[in-house]
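Q: Chain residues, written in single-letter form:
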Amino acid sequence: MPELTADVVLRKIKSGEKVERADLRGLAMPKAMLEGVSFRRCDLDGANFEGARLAKAVFKNASMREAFLAGADLREANLENADLEGANLQGAILVGANLNRANLEGANLQGADLGGARLTHAQLDSAKLGGANLVAAQLSHADLSDADLSTAKLDEADLTSAILTDANLEEASLVGARLRDAKLDGVNIKGANLTNADAPGLQPAGDASGRIKRYFGKGDVLRNAALEFDSGASVEIESLFEQCTIALGEGTELVVGKAGMLSGCQIRGAGKITVHGKFVERESPGIVGVTQLVVSAGGSIVGTVEQPADNTRFAFEPGCILRMKIQPKKDRPNERTGKGGRQR
Amino acid sequence: MSNGRKTLVEEGTQFKGSLSSDCPIEVKGRVEGDLTAPALTVSPSGAVHGKVKVGEMKSQGELAGEFDADLVQLSGTVKDNTVIRAKSLEVKLTPANGKMQVIFGECELEVGSEQPAKDQTKDNKTPEKPPSARPPAEAAPPPETNGSPSVRPPP
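Chains as they are written, first to last, in this note's numbering: chain A, 1 to 344; chain B, 1001 to 1155.
Some clues are possibly wrong.
Interface residues of chain A toward chain B, partial, derived using beta-carbon atoms under 10 Å [said to hold, decoys possible]:
id, residue
1, Gly191
2, Thr195
3, Asn196
4, Val294
5, Ser300
6, Gln307
7, Ala309
8, Asn311
9, Arg313
10, Ala315
11, Glu317
12, Gly319
13, Cys320
14, Leu322
15, Arg323
16, Met324
Restricting the straight-line Cα-Cα distance to at most 35 Å, the calculated cross-link-like pairs of lysine-lysine (DSBU-like) are [as the list claims (entries may be wrong)]:
id, chain 1, residue 1, chain 2, residue 2
17, A, Lys325, B, Lys1087
18, A, Lys325, A, Lys213
19, A, Lys330, B, Lys1092
For the chain A half of the interface with chain B, some residues (derived, Cβ under 8 Å), not all of them [as the list claims (entries may be wrong)]:
id, residue
20, Met33
21, Phe314
22, Phe316
23, Pro318
24, Ile321
25, Lys325
26, Gln327
27, Pro328
Keep in mind the hints are simulated off the structure, nothing from the lab. A quick note: this is a predicted structure, and the numbers were derived from the prediction, not measured. Every residue, glycine too, gets a C-beta built ideally from N, C-alpha and C.
Sequences and hints are given; from them, build the entire structure.
A: Below, the structure written as structure tokens:
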């Protein structure tokens, strides 16, 4: 039983008394009008606020484990450092809410509106965010490992240094999202829209073989993106890449699959490339500094290859199509090469 | 028909000028000039600098100039300012710690099914047009064959 009943809480609120730090476990206040009320440091584990109007309410440092907040209006609410582990926020409105450092591990946020919400350093591992609106949300340093973000809208979201290990971003929209230094090993981006996404900081963790596989599947389209793959990564592209810049770390293996098409792209760095599909450069040279370039039967390259100082190891299979110029390394001032550094 | 015969430029021999043969040519020495033949083999000690039109070319030596061939197997060295045009090019991959299969200088490769039809005069062994007189590759791309992808040549 809670320390205070719903009626007592409402009376206290009406009379202007504070309910902060109260034990309100299991409190049932569905559809209550509680805008701007402060529940700071309250214990609200298992409380029911379904459909409640809680705009600008304060839940800072509150414990709300397994709380039921489905459909609640929490716009601009302060939930900083709140513990919402396992809470149900399905369809809740959290536009502009402050969820910095909140614990939302395993929480259900399916279809929730988190547009512009602040979620820096938030704990969202295994959270259910399918179909959620996270446009312009601040998710830097948030832990989203194993989270379900399928079909979520993350346009212009800040995911800098976020952890997305094994997260599901299938068919999510990440237009203009910032993913610098994000950890993306094992992430599923099948059908995701990464147009204009800034994803230079892929930091895959090593598997048993020490080689991380990145796969861009058929039907995916990536435009105007700058991608960096660290040393030891293995990348396979079966998608359409347009106007993209790809930086390969030392020894990184890039395979353009039979369905892969890199149009107007540039690849730089001391990696190894195998082309079964097509590569067409935008600016010459389109391929710079790669240590190995293999074009299989059916593969095609239209562009210029600038070799590294030690020369590129070439292999061409009968049946390949080449409109290729090969040139030696050219010194450029302030050049950064092939260590995962961003190349423009 | 060559009937097993071949024209041999032996190691230590240097040839300058035009060389046209009905037989395959094997170059172990050095040739500078125009060369026309059904087949050309350049040995590791061999070098061919000039304009070459052949059906098949296997080179382990040094190439420089303009080379037109149907089938090319390449290793050795390709020097600066070289153009290789072929319907099919094969360069085998060597182990990363092994010797390079081919060392390419500043050169150009035009390979694949979008090559304009070969000058018929070549097969008649009376070439009249130099390789540079070929129409631009984008002028008449042939229909795709054998499932080969269609790629436009660079502008």
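Q: Taking the hints in turn, state whether each one holds.
A: Going through the hints against the structure:
1. Gly191: violated, 24 Å
2. Thr195: violated, 24 Å
3. Asn196: violated, 26 Å
4. Val294: holds, 6 Å
5. Ser300: Result: holds, 5 Å to nearest chain B Cβ.
6. Gln307: Cβ of glutamine 307 of chain A sits 7 Å from chain B, so the hint holds.
7. Ala309: violated, 13 Å
8. Asn311: Holds, about 6 Å.
9. Arg313: Status holds, d = 6 Å.
10. Ala315: Since chain B brings a Cβ to about 4 Å from alanine 315 of chain A, closer than 10 Å, the hint holds.
11. Glu317: Holds - the Cβ of glutamate 317 of chain A comes within 10 Å of chain B, reaching about 7 Å at its closest.
12. Gly319: This interface hint holds because 7 Å falls under the 10 Å limit.
13. Cys320: At 6 Å from the nearest chain B Cβ, cysteine 320 of chain A passes the 10 Å test, so the hint holds.
14. Leu322: holds, 4 Å
15. Arg323: Holds, because the Cβ-Cβ distance from arginine 323 of chain A to chain B comes to roughly 4 Å (cut-off 10 Å).
16. Met324: Cβ of methionine 324 of chain A sits 5 Å from chain B, so the hint holds.
17. A:Lys325 with B:Lys1087: Given that 35 Å is the threshold and the Cα spacing comes to 17 Å, the pair holds.
18. A:Lys325 with A:Lys213: holds, 30 Å
19. A:Lys330 with B:Lys1092: holds, 26 Å
20. Met33: violated, 64 Å
21. Phe314: holds, 5 Å
22. Phe316: holds, 4 Å
23. Pro318: Constraint on proline 318 of chain A satisfied, holds at 4 Å.
24. Ile321: holds, 3 Å
25. Lys325: This hint holds: lysine 325 of chain A lies near chain B, its Cβ roughly 5 Å from the closest one there, short of 8 Å.
26. Gln327: OK, holds: glutamine 327 of chain A within 8 Å of chain B, min 5 Å.
27. Pro328: holds, 6 Å
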